[in-house]
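Sequence order for the protein chains is A and B.
Note that the working numbering gives residue 136 to position 136 of the first sequence, counting from 1, and the numbers run on in steps of one.
Heads up: take any position in the second sequence, counting from 1, add 525, and you land on the working numbering.
Possibly wrong hints are sitting among the right ones.
Said to hold, decoys possible - Output of the computed footprint for chain A on chain B, the stretches with three or more beta carbons under 8 Å from beta carbons of chain A:
| no. | segment |
| --- | --- |
| 1 | 537-547 |
| 2 | 767-779 |
Stated by the list, open to error - Cross-link-like lysine-lysine pairs, in silico, DSBU-like; alpha carbons within 35 Å at most:
| no. | chain 1 | residue 1 | chain 2 | residue 2 |
| --- | --- | --- | --- | --- |
| 3 | A | Lys427 | B | Lys739 |
| 4 | A | Lys215 | B | Lys775 |
| 5 | B | Lys528 | A | Lys142 |
| 6 | A | Lys215 | B | Lys528 |
| 7 | B | Lys541 | A | Lys427 |
Claimed, not checked - Covered stretches of chain A (in silico footprint by chain B; criterion: 3 or more residues with CB under 8 Å from a CB of chain B, positions within the stretch not fixed):
| no. | segment |
| --- | --- |
| 8 | 130-143 |
| 9 | 146-154 |
| 10 | 179-190 |
| 11 | 225-238 |
| 12 | 418-430 |
| 13 | 454-462 |
Simulated from the structure, these hints should not be mistaken for laboratory data.
In this text, a Cβ means the ideal position worked out from N, Cα and C, and glycines have one as well.
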Amino acid sequence: MSTFFETLQQRFAALIQSMSAEHDEEVYLLVTDPDIRALAEYLRGEFEARLVTVFAEDRRSAEGVFHNYYVFERKGDARYLIVRTPVRADHPEFPSLSAELPAVNWQEREIQDWFGLKAVGHPNPRRVALHDNWPDIHPLRKDFVLETVLPPFEGERHIYRPALGEGVFQVPVGPVHAGTIEPGHFNFAVAGEPILYLQLRMFYTHKGTEKLFEKLPVHKAVFLAESISGDSSFSHGTAFCQAVERAAQMEVPLRARIMRTILLELERICNHVADIGAIATDVGFVVANAHASRLKEMLVSVNEQLTGNRLLRGMICVGGVRRNWNAVQLVSLRATLDAFASEFQDLVVLIDSSESTRDRLEQTGVLLPEKAKALGIVGVAGRASGMDLDVRRDHPYAAYGRYPFRVPIYQVGDVSHRMQVRIDEVKESLGIIRSAADEGLHGEFRAQVPPIPADRCALSAVEGWRGEIIHWIRTGPDHHLERCKVKDPSLNNWPALVEAVQGNIIADFPVINKSFNLSYSGTDR
Amino acid sequence: MFKILQRTIATGIVTKAYPAEPAQVSAHFRGRPHFDFERWQDAQPAADVCPTGAISLRDEGDSRRVIVDYGLCVFCGLCAEASSDQAVLITEEFELATPNRHNLILTAGYTLNPDRTHRRLETVRGGSGNVEADAESVGQKARETIHKVLGRSLAIREVDAGSCNGCEVEIVALNNPIHDIERFGIQFVASPRHADMLLVTGPVTRNMELALLKTYRAMPEPKVVVAVGACGISGGIFGENYASLGGVDKVLPVDVYIPGCPPRPQALLYGILLAVGRLGEKTLR
Chain A
1 MSTFFETLQQ RFAALIQSMS AEHDEEVYLL VTDPDIRALA EYLRGEFEAR
51 LVTVFAEDRR SAEGVFHNYY VFERKGDARY LIVRTPVRAD HPEFPSLSAE
101 LPAVNWQERE IQDWFGLKAV GHPNPRRVAL HDNWPDIHPL RKDFVLETVL
151 PPFEGERHIY RPALGEGVFQ VPVGPVHAGT IEPGHFNFAV AGEPILYLQL
201 RMFYTHKGTE KLFEKLPVHK AVFLAESISG DSSFSHGTAF CQAVERAAQM
251 EVPLRARIMR TILLELERIC NHVADIGAIA TDVGFVVANA HASRLKEMLV
301 SVNEQLTGNR LLRGMICVGG VRRNWNAVQL VSLRATLDAF ASEFQDLVVL
351 IDSSESTRDR LEQTGVLLPE KAKALGIVGV AGRASGMDLD VRRDHPYAAY
401 GRYPFRVPIY QVGDVSHRMQ VRIDEVKESL GIIRSAADEG LHGEFRAQVP
451 PIPADRCALS AVEGWRGEII HWIRTGPDHH LERCKVKDPS LNNWPALVEA
501 VQGNIIADFP VINKSFNLSY SGTDR
Chain B
526 MFKILQRTIA TGIVTKAYPA EPAQVSAHFR GRPHFDFERW QDAQPAADVC
576 PTGAISLRDE GDSRRVIVDY GLCVFCGLCA EASSDQAVLI TEEFELATPN
626 RHNLILTAGY TLNPDRTHRR LETVRGGSGN VEADAESVGQ KARETIHKVL
676 GRSLAIREVD AGSCNGCEVE IVALNNPIHD IERFGIQFVA SPRHADMLLV
726 TGPVTRNMEL ALLKTYRAMP EPKVVVAVGA CGISGGIFGE NYASLGGVDK
776 VLPVDVYIPG CPPRPQALLY GILLAVGRLG EKTLR
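Required output: the full structure, derived from the provided sequences and hints.
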C-alpha cells in the first residue's frame, strides 16, 4: 500500500488494529478504540480528508460489540477510507466529533436514536430521528422487532429552543405545507420580516426503511431502494445494486454500465429542469415554469420509452439492467434530446432576460463557502458554494470514466447560483448521454448473479441529481442483508438551509427552500 | 414581455385531450399485469418474485388459492418474466381506480398436481363484476351527491402522509400544460378549509397520522378522500411496521383508490374524475 497508509499506520500504531482492502473502491481501517478524534483531525488536517458519513451497526450477537463506521475520502484518491471502531455493549458510548465537525451533527444523533449509543460531548444531543414523544426505543438494534406496535404518543412532539427578545416571535409551519410537497416542520424565529433562526424537525416520513432492508431478499430490496426518494429512484436503485455487486464481487457488463449512465443522467436532467421551473414559480415567473414542466414531460416520456416507467422504476437490477434497448428506442432518445436541448436554451434565455426574476434570485439565501465546508454540504448546493465534489468524477462508477464532463463550481452560494449549477449540469449531462448513446451498444445488458456470500461488506456511492448518495451493506445468508445504511445527500444538506435563510425575509423562504430542493423521504427513510 | 408572449404563441397549445381521447402511452409502458388464469400452470414463481406480495398463495392439501391484489402492485413486471407459460401479460391499462378496495383483488382457485403445478382452474372471483351490489350503489349515491353539491368544480388538498415523493412528482405533473387539470375546473388549494377532496399518498407513517387526521377534520362536508399509489392503498412495499401504519384507510374512510407506483398523471386524473362522479368505472377482468 501507498505511503499514505504507511504513514497512518506508523503514526497511530497503538490505535490501528489492522488494515484491509476488501475491494479496489474501499479500504477498511479497524481500530481498537471508539475515540478517533485525533485520527480524524490528522486525516482532515494533513490530508484534507472529508468525512463523508458516519453510521453504526449492531454486531453484538456476532462480535459482542456495536461498530461505528467513519467514511473518509481524500482528494485524488478514488478509494474510500472506512474507519471502523468498536463500541462496547456494556458501555454504549462514543466520543462525538460534532463540535469540530458540524457535518456529522445529525448523523451522530441518528446513531443515538436508532442504536442507543451515546455521542459523548455532542453540542446538541437532542433527538433528531425519533420525535421527542416517541418511547425510548432503538429500532436498528437487532433485538428490536420491525413489526413492534408502539404505544400511543405521550407528551410534547417537539421541544424547541425559545426565541426571546423584544418583537421576536415564532412562526410554526408544517408538517403539511401549502403546496404539493413532502411533510416537515419548520419553526421560524422572526423579528419583523427577517428570519433570525430556523429550527427544523424532519423525520415525519420515517417508515422504518433501513430496518426493512434487513428483512427483504436482495432482489426485492432493489424496489425498496427505488422507494427511498421517489425523484431519485434510479440513483438510489443504482447505489444499492452496485453495493450488492461489489459484495458479490461480480462484474457488470459494459453495456449495462453505459445504459445506467444514460438513465442516471436522464434522471438528473428531469429533476434539474423541473427545479429551474419551480424556482421561477416561487418568484412569480409562472410562464417559465409552464415551459420547464413541458420540457420535463418530453424527458419523462423518453424515460417511459426506455424503462417502461416515467420515473425510471423497475429497470435497475443486480447485475445490470432488466431490459435491452432496440434501435427505435435509441433514435427516439436522440431525437428528444435534440429537441430538448434547443428548447432548454430558449428557457434559459427567457429566465435570464427577466430582470425582476434575476433580482429576486441574486444574493438571496446565501450559503458562504466556509459555512458549506464546515457543514459538509454536497451536490448542487455544495457546488454553488465552492465545494468541488462530484462522485462521478472523484469515484467513477457505471461508465462515467469514459466521458469527459465539466463540474461547475461557483463561490457565490445564492439561489441564482444554485440554479446556474443546474443549468450548467443539464448541458453537461446532455453531452454525456449523447456520447454514451453513440457508443453503439453491444454485448450483454445483464450478468448472471452468482451466489452472494454472507458477511461481506461493500460501500457504493452515486452522484444523484441532488448530490452524493451512499449505500453501505453487510450481506447475510440466503441473499439477505444484515445491514443497509442509506445516506441521501439531503441528510447532509438540511443544516445548510438553516444557514442560508438567516437574515432573509420569510416571503423568500419558499424559493430558498426550492433552490436546495432536499428530499424529506430520503432524509427520514 | 414581448419575448414571453412570442414564446407562448410559438409553443401553441400542448394540452392532451385525455380522457376525451385515449392517452398516448409508450409501447414499453408497464400497466396492469393481466392474468390468464385458465392458462396459468404455476403461480409459485410469480408469487416468489413479487416484491410487495401482490401475488400470494394459500395452499391447502391439493388445492390452492391465488390472490392477486392490484392495490399492492408496483407494476414491476417481474411476475410476467417469472411465468414461462405466457399466462401473465403486461398490458397498457392504467385506468384502475375504483371506489371499492375489493375490486382490486382477484382470487383464483386451483386443484394441484403432485408437483404443485396447477391441475385445473376451479373458480375465479373478484374484480368489480363480483362485488356486492349494495356497497356499490351506496358509493355511487355518495358520488352523485358530491356531484350535485360541488357541481363540476373541485378543490383538492393533497397530503403526503409518508410517501417517497414519487406520487407527488406525478401529482405535480397534473398542473403542467400537458395534463392541465384546471381545464376541468379542478385546482389544488393550500388550506383544507377550502378543499372538497383530500388526495393522500402514503403509507401513513406514525408521525403523520395526527397531521392527516387534523387536515381531514378541517375540511367542510361533503368531502371525498382518495388514496393514491400502492403505499396509499395498502402500505405498498413498506407495509405495516413500528413506523408505518399501512394504507390510508387504516386512518380515514377512503372513497376512491388509485393504483400505481406511482400512478401516471392520466391514472390520477381518471381516479379524481371517478371520485366526483364525472366518469364511469371500468371493470377489471
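A quick look at each hint next to the structure:
| no. | hint | verdict |
| --- | --- | --- |
| 1 | 537-547 | violated (count 1) |
| 2 | 767-779 | holds (count 3) |
| 3 | Lys427/A / Lys739/B | violated (45 Å) |
| 4 | Lys215/A / Lys775/B | holds (23 Å) |
| 5 | Lys528/B / Lys142/A | violated (62 Å) |
| 6 | Lys215/A / Lys528/B | violated (56 Å) |
| 7 | Lys541/B / Lys427/A | holds (28 Å) |
| 8 | 130-143 | holds (count 3) |
| 9 | 146-154 | holds (count 6) |
| 10 | 179-190 | holds (count 5) |
| 11 | 225-238 | holds (count 6) |
| 12 | 418-430 | violated (count 0) |
| 13 | 454-462 | violated (count 0) |
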